[in-house]
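2 protein chains.
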Amino acid sequence: MGRIHSVSNKAEANHDHKNLYIIKIGGNVIDNSENLHHFLKDFTSLDGYKILVHGGGKVATQLSETLGLEARVVDGRRITDIETLRVVTMVYGGLINKNIVAQLQRFGNNAMGLTGADGDFIQTKKRPVKSIDYGFVGDIDETSVRAESISSLMDAGFTPVFCALTHDGEGQLLNTNADTIASALAVALADLYHTTLIYCFEKKGVLQDINDEESLIRELDPQRYEELKTKQIIHSGMLPKLDNAFTAIACGVKAVIIGHSGELGSLQQNKPFGTRLSQNS
Amino acid sequence: MGRIHSVSNKAEANHDHKNLYIIKIGGNVIDNSENLHHFLKDFTSLDGYKILVHGGGKVATQLSETLGLEARVVDGRRITDIETLRVVTMVYGGLINKNIVAQLQRFGNNAMGLTGADGDFIQTKKRPVKSIDYGFVGDIDETSVRAESISSLMDAGFTPVFCALTHDGEGQLLNTNADTIASALAVALADLYHTTLIYCFEKKGVLQDINDEESLIRELDPQRYEELKTKQIIHSGMLPKLDNAFTAIACGVKAVIIGHSGELGSLQQNKPFGTRLSQNS
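Protein sequence lines, in the order shown, are assigned to chains F and P.
In this text, residue positions in the first sequence follow this note's numbering: the first is 2, and each later residue adds one.
In this text, residue positions in the second sequence follow this note's numbering: the first is 2, and each later residue adds one.
Treat the hints as calculated values from the structure; they're not laboratory data.
One thing to keep in mind: the hints can contain errors.
To be verified - One-sided and incomplete, this derived list gives chain F residues near chain P with beta-carbon spacing under 8 Å:
{"no.": "1", "residue": "S65"}
{"no.": "2", "residue": "G94"}
{"no.": "3", "residue": "F159"}
{"no.": "4", "residue": "G170"}
What the hints assert, rightly or not - Output of the computed footprint for chain F on chain P, the stretches with three or more beta carbons under 8 Å from beta carbons of chain F:
{"no.": "5", "segment": "84-94"}
{"no.": "6", "segment": "98-105"}
{"no.": "7", "segment": "117-123"}
{"no.": "8", "segment": "172-184"}
{"no.": "9", "segment": "191-197"}
Glycine included, every Cβ here is placed at the ideal spot set by N, Cα and C.
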């Protein structure tokens, strides 16, 4: 909060020409090789600096089941015991991440696959045990992201591809929510770039009627968001995502877009894409 | 071969102050957490630019067995079918690589875990099918390694940690021998650095009598190597490794050391370490 006011003149001058897109994809893209292929092509075509953040997908769940691990979920969050951490390190950090990198390279995008441990880019704190022990889960705070270091990697010509893993700086890898990684990266890099955070999912964007893809809301600013919340027009499941998005905007991120992973190409063609959240629409 | 003659004056000038160690470790370190901890501490203490290359270990074999995959080995080489490739991508690229990175970060070494696909650093060709189909195995040639690009990563302050995976540039990951990756990196980077290639294994070095660790040969140059070969003093199992090592030296690598992973610390203390192969001892 208020970090936008600390932007230096140098960084502000850069804002005009250094666009950065931070794009998060989830299971609906990762689990379908055709969707993934299409998305990665659109991602490569997008002009400007880019960071990809990906979550897991069905593969981690399937491998856990094959290995006889019991999936434990409390309040919608997976408990990451040491065996589950091994599985997500293999699947997120290895299988998914490195196959995405190899495919991006095929399209001419010089990708580099990363966890938060690589380059010490994202250091988190293991979630304290209160009523629930979430296990090896890392929580991000405002000191987590090394923005300058990530920036130097991009300046060297590499496209960072982050999976949903971080580390505690003491040798321990930690499972960390990909949505949160994406917004933390966006906020941390907002001082250095004209930053747009994009959440790709399976819907066209924020809908007035969750069953009607035509009811897409194109633009949202904080005032309109409050009105729609008051009128209970926005589906309650979207509220945490939108609250986080407006927090990111308040912290200097220029815009947040929530849209369908298959339509990312519209952005490059200057066509409407998803729901655009900004300070002033 | 002969690449040493193409070294530019600039690079030669650099040779005086830019030491690079490329160190390969195998299963005997990776499979034992105490050995690994000890080795990674010594690796971190070593002055100069450093690249770590690691192979697999028992974990990949164990996971394959748990998943019911049949290990197929022909002429001492593992056949990499698509399911085995998935396993090694998970284990080498995810589990082993990222845990090594997290531990190096703990020791203050700014490691970055890589496959050859990341940064397009090592592009290989799928081994042609002749009498045997080795599956998804990549062979390195002299165009495989992007030395300048790896150098720029090290100049930015990062320590590359390569696992035994490369890519074909067409979206396909490929399993690639870690020894070969290490020597290819050493040869490719020999123009830019005063490069030492180190193979760490479970013996003290090249032994005159394989059953007597006290029979260590401290120094080997091509002439003495030929003499020992003629007298059949060197164990035949070491010959391919040593032939490769002398080829690397002929291509500009300053020295190759073959030694015990637990004794790497001797190098930093200027104490004798393993068998040192060089053009002139």
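Next on the checklist: Holds or violated: the hint that F:G94 contacts chain P, with Cβ atoms closer than 8 Å.
Outcome noted: holds, 4 Å
Next on the checklist: Count the residues of the segment 172-184 of chain P whose Cβ falls closer than 8 Å to any Cβ of chain F, and tell me whether that reaches three.
Outcome noted: holds (count 3)
Item to check | Coverage criterion applied to the segment 98-105 of chain P (partner chain F; beta-carbon cut 8 Å; 3 residues) | outcome: Coverage by chain F holds for the segment 98-105 of chain P (6 residues, Cβ < 8 Å).
Checklist entry - Checking C-beta pairs, does the segment 84-94 of chain P have three or more residues closer than 8 Å to chain F? => result It holds, with 6 qualifying residues against the three required.
Checklist entry - Within the assertion that chain F covers the segment 191-197 of chain P, do at least three residues meet a Cβ-to-Cβ distance smaller than 8 Å? => result violated (count 0)
Checklist entry - Does the CB of F:F159 sit less than 8 Å away from some CB of chain P? => result It holds, given that the least Cβ distance between F:F159 and chain P is near 6 Å, below 8 Å.
Checklist entry - Given as covered by chain F, does the segment 117-123 of chain P meet the bar of three residues or more with CB within less than 8 Å? => result With 4 residues close enough to chain F, the hint holds.
Checklist entry - When the nearest CB of chain P is found for F:S65, is that gap smaller than 8 Å? => result violated, 12 Å
Next on the checklist: Quick check on F:G170 please, does its C-beta sit within 8 Å of some C-beta on chain P?
Outcome noted: Since the shortest Cβ distance to chain P is 6 Å, the answer is holds.
Comparing the model with each earlier hint shows violations of hints 1, 9; every other hint is respected.
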